[in-house]
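Visitor: Using the sequences provided together with the hints, build the complete structure.
Chains as they are written, first to last, in the working numbering: chain A, 1 to 308; chain B, 309 to 989.
This list has only true hints and no planted wrong ones.
Not everything, but these chain B residues come out facing chain A in the computed CB check (under 8 angstroms):
| no. | residue |
| --- | --- |
| 1 | Gly346 |
| 2 | Val353 |
| 3 | Ser361 |
| 4 | Ala365 |
| 5 | Asp366 |
| 6 | Gln509 |
| 7 | Glu800 |
Everything labelled a hint here was simulated from the structure, so no lab data went into it.
Since this is a predicted model, take the numbers as computed values, not measurements.
Glycine residues also receive a C-beta, built at the ideal position from the N, C-alpha and C atoms.
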Amino acid sequence: MALLRRILLGLVLALAGSLPLHAQAAAVALVLSEESPAFNQAAEATSTELRSAGHRVQTFVAPLRPEDSGALAANALIVTLGTRAAQAVAALSPRTLVLHTLLPRSAFERLPTRGDDSRRVSAVFIDQPASRQIELLRIALPDWPRVALVVGRDSTELGARLQASARDRRLRPALEHAAEESELYPALQRMLGEPAVLLAVPDTTLFNNRTISNILLTAYHHRSPVVGFSPAYVKAGALLALYSTPAQIGQQAGEAARQGLTSGALPSPSAPRQFRVATNPYVARSLGIALEDASVLQDRLERAEGNP
Amino acid sequence: MPTRSQRATTATPRRIPALPLLLSLLLPQASRAADEAGHLNDLPVVLSATRLSQAPADAPGAVTVIDREMIRASGARSIHELFRLVPGFQLGMHTGNSPLVSYHGLADDAPRRMLVQVDGRSTYSPYLTAGVEWNQLGVDIDDIERIEVFRGSNSAAYGSNAFLGVANIITRSPSETLGNALRYRVGDGGVNDFGARVGRQLSDDAAMRLRVARSRDEGFATINDWRRADLATLNVDWRAGIDSTLEFQTGWTDAHTGIGKEGNPTDPERGSHTSTSFGLLRWRHAPAPGEELTLTYYHQEEYGRDVYDLRVPVARVAAVIPLRLDYDFKAIRDDFELQRITTLLPSLRAVGGAGVRADRLTSPTHFNRPDGVRTTISNAFGTLEWRASPRWLFNVGAMVENNSLTGTSLAPRGSANYHMTDQQTLRFSVNRSNRNPTAFEQKSNTIFVNSAPFTVGRSTIPAGTAISQTFRPAPELRAERITTYELGYLAELRAIATTIDARVFLERARKLVEMNTEPSTLGLLPRNNTRYFANSGSADIRGLEVVATWRPASRTWLTLQHTELRIDGPAPGPAGTVSAWVENTAPRNSSTVFGAWAFLPRWQLSVAKHWIGSMSWYQDAEHRTDMYRQLDLRLAYLLPPAVGRGELAVTARNIDGSDQTYAPGTSWWGSRLFGTLSLEL
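Guide: Dropping the structure here:
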């Protein structure tokens with residue numbers, strides 16, 4: 001029965017592939033870690049980009065069922081959205097092109113199959129490049145040369161990149177390691193004794209829903225601004241945040257996917273190209289910091305990167 | 309948008325790759341820390357509008373902030389001591405356990421023109437003549453995040469008791485005080501204090517802090533002013549959602565104090581007992597930065613016990629009168645407030661709200677009625693802050709308040725802040741504030757009666773006969789008012805870590821409530837000095853406050869401050885009036901140097917030196933204190949991590965000699981040495 005189904009499916013696919021209208025159209029599977037507004041926005045942006053080139057898009061949601069693996073294998077390219085989806089698909093070791101997106105660089109680097117073939121497996125990360133974050137600090141907070149960083153086990157490399165980037169730009173990074181939540185508060189106390197900008201890192205062992213109150217209050221009481229990596233940080237009380245929206249990341253993933261389908265090779269793993277800056281003017285005023293509008297900062301950062 | 313129904317339903321392959329699937333189930337948990345959740349998840353609003361303090365350059369008045377590092381470096385055991393660090397304030401010690409704190413004078417031995425709030429809970433005591441019961445604030449000094457002191461009058465924002473000086477004590481959030489902490493302090497003068505704190509994260513959304521503390525000392529030398537105070541507080545913050553938090557605070561304080569004077573026939577040495585308990589519930593809804601709705605309710609009960617029997621020989625009637633002096637009291641307060649902060653336009657912010665408070669006081673001796681006195685206050689307030697341009701900020705506000713004792717009053721306020729440069733601001737402000745008399749000032753009717761029969765000549769006076777009246781009611785008493793004109797200058801020179809805050813002011817106080825005396829024929833022993841309160845006073849206060857602070861690091865700073873005050877009373881009135889008393893109520897000059905120096909990474913030395921001019925807490929010039937100086941030193945050592953997180957400190961207070969800070973011939977504020985060990989476990 002299963003064999004018959006596979007033959008039938010093969011026939012259908014062969015027929016579809018031979019239709020003249022969609023001579024270059026391919027089947028693409030999107031695998032989402034979960035269904036939530038953020039994932040749906042990214043998926044929609046990717047789908048729109050792919051469909052505009054005539055490709056067909058089919059959507060799966062993790063956890064994958066055993067029967068999904070066959071269906072996935074039938075696609076020319078699999079786009080995963082989120083770490084869980086990336087891990088689920090990587091575990092299947094598919095032989096198609098695989099583009100992982102909406103996941104942090106550290107999660108991508110830990111995937112079991114990524115080293116196989118860099119042109120076949122690639123990624124569009126969710127996190128910002130260290131150089132861009134440091135450049136934003138220089139632009140937005142020129143009077144704050146000291147950058148405080150707390151990193152955990154999963155963000156050691158990110159910490160090192162940020163530290164190096166800060167030094168390159170003549171900022172003074174102060175980095176502390178906190179293996180667990182309980183070490184976070186003493187580390188903050190030590191670092192913020194001198195005026196410093198606290199740059200939050202996307203390591204959920206340290207920076208999460210439970211610790212955010214302590215982090216923001218401690219920094220605020222030291223009169224230290226916090227720079228976050230999502231709009232939620234700004235709403236919660238960070239001075240500013242640098243992030244890419246799921247739609248921006250999804251669109252870039254769609255473009256990379258198109259390129260992969262056309263050339264047979266994916267572009268190399270990259271950080272999001274488009275980004276947003278958000279500011280909290282209330283926190284800025286309270287800290288006595290003259291902060292430019294978010295749109296001005298964004299423009300200046302784009303210009304600094306050579307983007308129009 | 310894909311939904312679950314769009315899942316692929318293609319044919320099922322039989323061969324299931326078991327290991328990869330197993331891995332895929334295990335892996336997500338293993339590396340949760342590095343997934344995208346942190347980028348995409350919502351976070352609770354932590355620094356909501358009411359949690360953010362106003363930038364000094366935008367504030368409608370002069371604000372001094374005493375933060376945790378300063379509190380610690382000051383070596384203060386009690387909160388009242390910190391006001392020596394704020395320009396314009398006077399601190400006198402009536403005895404070792406009864407501090408007197410006032411701003412710009414106009415005080416007697418029961419200062420009542422300043423407001424102190426702890427997390428929005430007014431500690432302005434309704435029951436007797438004094439405004440702030442410093443032993444009963446219901447907050448441990450180590451749990452304070454900062455104290456924001458508004459130097460000036462501000463009834464428009466804080467209601468009728470914010471007459472001269474407002475202090476907002478802001479406690480640390482329970483999420484900041486997780487873990488256990490211990491504090492032990494011991495020193496001369498019987499200093500023996502203990503404190504313990506337990507902080508717990510109850511769940512992802514709730515954190516709590518439990519604090520217990522006791523403080524013991526023998527007070528000043530030679531007088532009966534010992535203090536045994538105990539405190540327990542519980543703070544719980546619960547995040548009811550991304551936008552909402554519920555705060556619960558409850559606390560209990562219990563103070564036994566030595567009072568009375570040796571050899572005084574009517575005020576003998578004895579112990580008194582005061583106990584306070586409170587519960588506060590606050591709901592904050594902050595859907596966006598700059599938007600907040602807050603509802604606060606608190607209930608507070610205070611009980612005082614001070615009863616003693618006397619046999620007073622009275623020569624003029626040749627009798628010994630048995631008296632029971634019963635100063636017991638009970639004060640119950642309920643307070644509810646609603647406040648909304650909103651951003652009407654990017655340049656226009658509004659604060660509005662309303663509140664209602666009820667105080668029920670029972671003090672049979674003071675009011676001469678067993679049923680007690682009830683006071684209700686209701687108010688509505690609003691403030692508009694308009695950022696007209698990057699240079700100009702305007703702030704107008706008003707409060708309308710109705711008090712069951714004195715009727716309705718209006719307190720308006722207006723200010724303009726001109727940001728001359730990014731670092732310098734000029735401020736002009738005008739403000740009218742009120743103080744409603746306390747129930748005691750208006751309704752006190754203290755008539756002493758004999759507790760047992762006694763004989764005069766051949767007649768027997770039955771128990772319960774009125775003997776003498778010391779206070780009579782003043783039903784005509786109305787709110788006093790003050791109009792303040794202020795010119796302020798603020799420089800925040802970040803490059804050299806320096807701020808300069810200067811303020812010149814004229815404060816015109818009118819209808820000041822003052823204590824007068826008159827003859828009374830009531831009772832067996834008529835007297836010529838029965839006291840009553842009247843709106844007979846006035847004062848013009850002029851002066852200057854300057855503070856310069858250099859603070860290159862949070863544990864190193866140097867603050868210099870100087871205050872010049874001149875208080876003019878009305879022209880001398882008819883003989884016997886006391887209206888000129890105001891002139892003596894504050895020193896003409898006072899200066900403070902307060903510095904801390906973290907000279908090695910683990911060591912900090914702090915020094916506070918005060919020069920205080922002559923003043924009087926009595927209503928006359930004869931009881932002026934001499935000018936005096938005080939020097940405090942503290943050396944602290946942060947324990948190395950191998951030993952534990954904590955600090956060992958030695959504090960030497962007032963080491964440059966004893967001072968009489970209340971009146972000549974009374975108590976001496978002597979020096980004191982103590983050591984403190986603080987440990988976080």
